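Just so you know, the protein sequences line up as chains G, S, D and Z, in that order. Counting from 1, one number per residue, gives the positions in the first sequence under our numbering. Counting from 1, one number per residue, gives the positions in the second sequence under our numbering. Counting from 1, one number per residue, gives the positions in the third sequence under our numbering. Counting from 1, one number per residue, gives the positions in the fourth sequence under our numbering.
Hint data in this document are derived by calculation from the structure and do not stem from the laboratory. Any given hint could turn out to be false.
Since the list gives no way to pick one copy over another, a pair counts as held whenever it fits inside one copy or between any two copies.
With a Cα cut of at most 20 angstroms, we get these calculated DMTMM-like pairs of lysine to aspartate or glutamate [claimed, not checked]:
| # | residue 1 | residue 2 |
| --- | --- | --- |
| 1 | K258 | D112 |
| 2 | K226 | E305 |
| 3 | K226 | D62 |
| 4 | K226 | E55 |
| 5 | K258 | D144 |
| 6 | K258 | E243 |
| 7 | K258 | E284 |
| 8 | K226 | E86 |
| 9 | K258 | D161 |
| 10 | K226 | D66 |
| 11 | K226 | D242 |
| 12 | K258 | D211 |
| 13 | K226 | E248 |
| 14 | K258 | D309 |
| 15 | K258 | E141 |
| 16 | K258 | E86 |
| 17 | K258 | E305 |
| 18 | K258 | D62 |
| 19 | K226 | E243 |
| 20 | K226 | D254 |
| 21 | K258 | D277 |
| 22 | K226 | E298 |
| 23 | K258 | D66 |
| 24 | K226 | E2 |
| 25 | K258 | D58 |
| 26 | K226 | D109 |
Just so you know, these numbers come straight off a predicted model, no measurement behind them.
Protein chains: 4
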Amino acid sequence: MESLQVGVIGYGYWGPNLVRNLMACPLTAVAGVCELSAARRAAAGAAVPGVPILETVDELLDRPLDAVAVATPVTTHYALVRRCLEAGKDVLVEKPLAANVADAQALADLADRLGRVLMVDHTYVFSNAVRRIRQLVQAGELGDIYYVDSDRINLGLFQSDINVIWDLAPHDLSIADYVLGLQPRSISGWGCAHADPLIEDIAYVNVDYSDRLMANFHVSWLSPVKVRRMILTGSRKSLIFDELNTSEPVKVYDRGIKVSETTEDLRRFRVGYRTGDMWSPHVEPGEALRSMVAHFAECVRERCEPVSDGRMGVRVVRLLEAATRSTRAHGRRALLSQMDNLYV
Amino acid sequence: MESLQVGVIGYGYWGPNLVRNLMACPLTAVAGVCELSAARRAAAGAAVPGVPILETVDELLDRPLDAVAVATPVTTHYALVRRCLEAGKDVLVEKPLAANVADAQALADLADRLGRVLMVDHTYVFSNAVRRIRQLVQAGELGDIYYVDSDRINLGLFQSDINVIWDLAPHDLSIADYVLGLQPRSISGWGCAHADPLIEDIAYVNVDYSDRLMANFHVSWLSPVKVRRMILTGSRKSLIFDELNTSEPVKVYDRGIKVSETTEDLRRFRVGYRTGDMWSPHVEPGEALRSMVAHFAECVRERCEPVSDGRMGVRVVRLLEAATRSTRAHGRRALLSQMDNLYV
Amino acid sequence: MESLQVGVIGYGYWGPNLVRNLMACPLTAVAGVCELSAARRAAAGAAVPGVPILETVDELLDRPLDAVAVATPVTTHYALVRRCLEAGKDVLVEKPLAANVADAQALADLADRLGRVLMVDHTYVFSNAVRRIRQLVQAGELGDIYYVDSDRINLGLFQSDINVIWDLAPHDLSIADYVLGLQPRSISGWGCAHADPLIEDIAYVNVDYSDRLMANFHVSWLSPVKVRRMILTGSRKSLIFDELNTSEPVKVYDRGIKVSETTEDLRRFRVGYRTGDMWSPHVEPGEALRSMVAHFAECVRERCEPVSDGRMGVRVVRLLEAATRSTRAHGRRALLSQMDNLYV
Amino acid sequence: MESLQVGVIGYGYWGPNLVRNLMACPLTAVAGVCELSAARRAAAGAAVPGVPILETVDELLDRPLDAVAVATPVTTHYALVRRCLEAGKDVLVEKPLAANVADAQALADLADRLGRVLMVDHTYVFSNAVRRIRQLVQAGELGDIYYVDSDRINLGLFQSDINVIWDLAPHDLSIADYVLGLQPRSISGWGCAHADPLIEDIAYVNVDYSDRLMANFHVSWLSPVKVRRMILTGSRKSLIFDELNTSEPVKVYDRGIKVSETTEDLRRFRVGYRTGDMWSPHVEPGEALRSMVAHFAECVRERCEPVSDGRMGVRVVRLLEAATRSTRAHGRRALLSQMDNLYV
């Protein structure tokens, strides 16, 4: 079977990773790389001898391509993705899908209308650990989910065009979207800017899904230590995903509370605690980016919807936009109107 | 020198710890314990043979006492502390000082008016680790503080009269008060109730001190694992206090960002990262509760203000009250009017 | 039912712990404490008002006693235990049983002859974690045991009468004895002395049980960090006991090797690796010393053999003696003659 | 300046890493790769298009080369290295230098006689952490070294031609050689074989340097968890090197013992304990293999002795051989005759 011919736009921070994985994946080939910076074109040329390195998108789209992967700054996503879709290409785009909800929605709609595959590189959704967690949650292993708490903090890398929410929270928001499969009701943000007064470098994003389910995401570029930890507490069991614990990234705790209403007084609850075993399911090693690339190739070949399709892309952007707005309004909670078509 | 004769009211969860430390401290002696429950009186009698075990506060106050330690549920603090102060006793009371700001303020004012020592048992303020952290911060070792992030989470113990904010946040709020010595401008809370729909069992409390300094406190009774960790990020260095790491509870990181405005464009900042040594100062072992008891005895003897005096007690209660109110108003931020007399 | 009246000899480092647990255990009471040092007698008097504090063993044995607990330096064990046994008392003695094999054997024989209970306080044998590990091993959960590796290291406490092997290794040797239930074939020791040239302060003790099962115990008073970790590797699963991990002291790993002989060449083996789940069984909290005291009381009442009886005491002393001798002979391996009566 | 043209023999487990680093290093170029296996030649061809991939050493040596890197099984080292040296090439060879002391010594002597550079890839010697540790030790920061304890354990990878000592201990022995710079007096080994009865898969290697300095190395292919930890205890300070702690690989502890002889009794020592700060010096990130390759290129260019020269190679092989022999003689300690020329 023929390899999918993929053109890559952008060879900055993430582009090299994409190119490496597109070349390693047996389903895909890199048909060309375009990049504005001469220095980076030279780097690309050295890294992948034999692949055409181009300066403009025109030149890239003139070549025989099945699909395009866009790895440029988020503010350029809308124009580039639109152009590629209109040129009849299937598109893989770095997260987040676009710089605002309107643009993101327009891209998702356009892909639908044109019948093209549009996939957002929410890489975590393709990690074996997150897939395992989704299975456990969807199978009811944890019971009702009570809350989700996440820390995604480290020193750097400061971005000059987007704040820490737009930089780091797409990971957590896409994981929560994929694992929980629920519509958020409202969102708040708290944040603070230090290096550049216009760009928040620490933030807390709080999403509520129901009266009994809340998620909180702590993102920071200013932590002295790196932490990548998500806790999911459930009525039956609880789970911790610690990405930096490479040998045991997922731990499931058979611990929780037992609530019994007392008869004499409906307002009084007796709360007991259960403490049981801990279990860490084996997670197959394997690079998430490799699985992501393979999934894109399969969706293109089979003409089916990717897991991280345009609608997931819109859902994440909607939360990023609302969280940043709330942060700048001192944490004022933003209601998220029902957007049913986003959650089919 | 004579030991300070201290009467103890309440022999429930915390009372036995207080009694044990009052007996072990060479400056203090237990002159009597009063407790409503017959079962607990029996337990007290077995644990401290020779100490009078009484049923009512009247009986206790009839005995020759210098001071009283109140270790009862928070809703009873106001009446009990007031009564002891009016009986001419110096008072040590469990945290938080009272169940609302008005009561807390009234007690602090009453103690002032009567010239009695009123001390709140904000135990952490007396731990060697927190004292060391305060020295480092006050000496400017960390530079400007950028943010404070804290996790105080574990499974249980569910309280039936107060929510998790009132139960656990007094620790973090008193540590922040003591270490930073700053007036908060506003506070928000997010929380969720599961076991009892009226009592939040997880919460996030966010305090802002200035445009560039924010603190966030995560408290929970529903975490599968116990975490006690506070991060203080500063412009020069950062610090992590991990209470469960008994050998190295305090770690100071010589890491941070370097910001330089670029000339060509005032909106652009160049942000660099410094990564240097880590240093864990030795912290003398020693029970904080023992130091707290000794400090109370010294304040009584010397007639001076305790570190955790009534004003600190009021400041903490003010934040607890506002945080709970904000939590129930979907995170609406509460401005904290300047209360200058609280921060002298 | 009447409490067992226990007299305690020695109120130094361990004596207070014994006394506290004998008082807390509903099956036992402290009938008297004797101690040579006046300062320690005063401390005992303050700690346990109401209990007779005596100077000599004569005075203690004159009182109505069912049993005696001996918590004195190991060189005094033989004379004291013998005297108590001959006085018709059941005896609990601190580990190790005696300062040499001959003395230890004589005490075990004497207890047998007189029909008295002789129990050695090998405390770990009574910890819930070690009991759980024994169950797992004895049930074949780990398959054949391949090797045991242990670190018991920290800074201090330097002993002036015994080396680090006699101080720390009794814990590991008694755990191995209890968990494995096997007779060692030979033993070696490597060690080094620094503070006092005659007293080894670091040592490695290596015990072989068969051609395919070896145990290695690292004990040290000179480590900058405290480690308490034992690995048991088996043909089916492996296990780690980390005493300092209070929330998950026991972890069972479904990992190992798969060996298949290849047909073409009997000398060649194909070795594959299995990597599966990890599982941490819940271990009930509870002080091992309390269980030990209760077990002693039950054995006295029921006239039955303690788990850590005189024979286990002799087995441990035999290994300590041989290991120290090997250490001083540059690691020369000592064969352990079959002593069948020790392993009934 | 011209790049050093390096031919690579062997493209199995380690060869690809060498090739990648030789290509990335600006001082070196890969002039050809030879490999017996057709499958691996194909892999090499795909990985490094443009580099000649050859079948025989003859073909490789026929090409214009400055130096050769040998990455084949240890039993082939002697013949291959000898041939390359005799062909007038400088040689970099994988650890260990050869399969026995006689061969290793012969290679070192041959290189000396021919005036060729012979360097052994003891990679750790070029890691920034180990270099930092050497600086600290050589500067006397730790005082006198009291003992070295190391764990290098994990599950796999079982080798079919060498035991776990020859596989893993070269790392520890070369680190100790480099950091301490001392001549061992004697060596012992304990080990056990499980998968293949002729190949030890767990072992303890014990090296003594003096009456007060002993090192112990635990190596294993059968541990359920991966550990890479070395403790160096000194009279002034102690140090822990934990390679898996990527953020703080080196920790220096200001802890130790204070010994004072007492006057009344020369046999009695008073031992006190100091507990002070811990300090983790920043270690620059950077791949050790890259530094190793650059060092080889510099030594070739400057015609100077590598840090890990043939003599270090012989010293390590001598210990591996003696340790294995001791292991098979039940731990019988092997005296290491003074080989002064090895320690110049």
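Comparing the hints with the structure gives:
no.: 1; hint: K258 x D112; verdict: neither (47 angstroms within a copy, 46 angstroms between copies)
no.: 2; hint: K226 x E305; verdict: neither (34 angstroms within a copy, 40 angstroms between copies)
no.: 3; hint: K226 x D62; verdict: neither (43 angstroms within a copy, 51 angstroms between copies)
no.: 4; hint: K226 x E55; verdict: neither (37 angstroms within a copy, 47 angstroms between copies)
no.: 5; hint: K258 x D144; verdict: within (13 angstroms within a copy, 40 angstroms between copies)
no.: 6; hint: K258 x E243; verdict: neither (30 angstroms within a copy, 28 angstroms between copies)
no.: 7; hint: K258 x E284; verdict: between (34 angstroms within a copy, 18 angstroms between copies)
no.: 8; hint: K226 x E86; verdict: neither (41 angstroms within a copy, 51 angstroms between copies)
no.: 9; hint: K258 x D161; verdict: between (48 angstroms within a copy, 18 angstroms between copies)
no.: 10; hint: K226 x D66; verdict: neither (39 angstroms within a copy, 44 angstroms between copies)
no.: 11; hint: K226 x D242; verdict: both (11 angstroms within a copy, 15 angstroms between copies)
no.: 12; hint: K258 x D211; verdict: within (19 angstroms within a copy, 43 angstroms between copies)
no.: 13; hint: K226 x E248; verdict: both (17 angstroms within a copy, 12 angstroms between copies)
no.: 14; hint: K258 x D309; verdict: neither (39 angstroms within a copy, 39 angstroms between copies)
no.: 15; hint: K258 x E141; verdict: within (16 angstroms within a copy, 31 angstroms between copies)
no.: 16; hint: K258 x E86; verdict: neither (56 angstroms within a copy, 44 angstroms between copies)
no.: 17; hint: K258 x E305; verdict: neither (41 angstroms within a copy, 41 angstroms between copies)
no.: 18; hint: K258 x D62; verdict: neither (64 angstroms within a copy, 44 angstroms between copies)
no.: 19; hint: K226 x E243; verdict: both (11 angstroms within a copy, 17 angstroms between copies)
no.: 20; hint: K226 x D254; verdict: between (27 angstroms within a copy, 14 angstroms between copies)
no.: 21; hint: K258 x D277; verdict: within (16 angstroms within a copy, 27 angstroms between copies)
no.: 22; hint: K226 x E298; verdict: neither (34 angstroms within a copy, 36 angstroms between copies)
no.: 23; hint: K258 x D66; verdict: neither (55 angstroms within a copy, 44 angstroms between copies)
no.: 24; hint: K226 x E2; verdict: neither (42 angstroms within a copy, 41 angstroms between copies)
no.: 25; hint: K258 x D58; verdict: neither (63 angstroms within a copy, 39 angstroms between copies)
no.: 26; hint: K226 x D109; verdict: neither (38 angstroms within a copy, 46 angstroms between copies)
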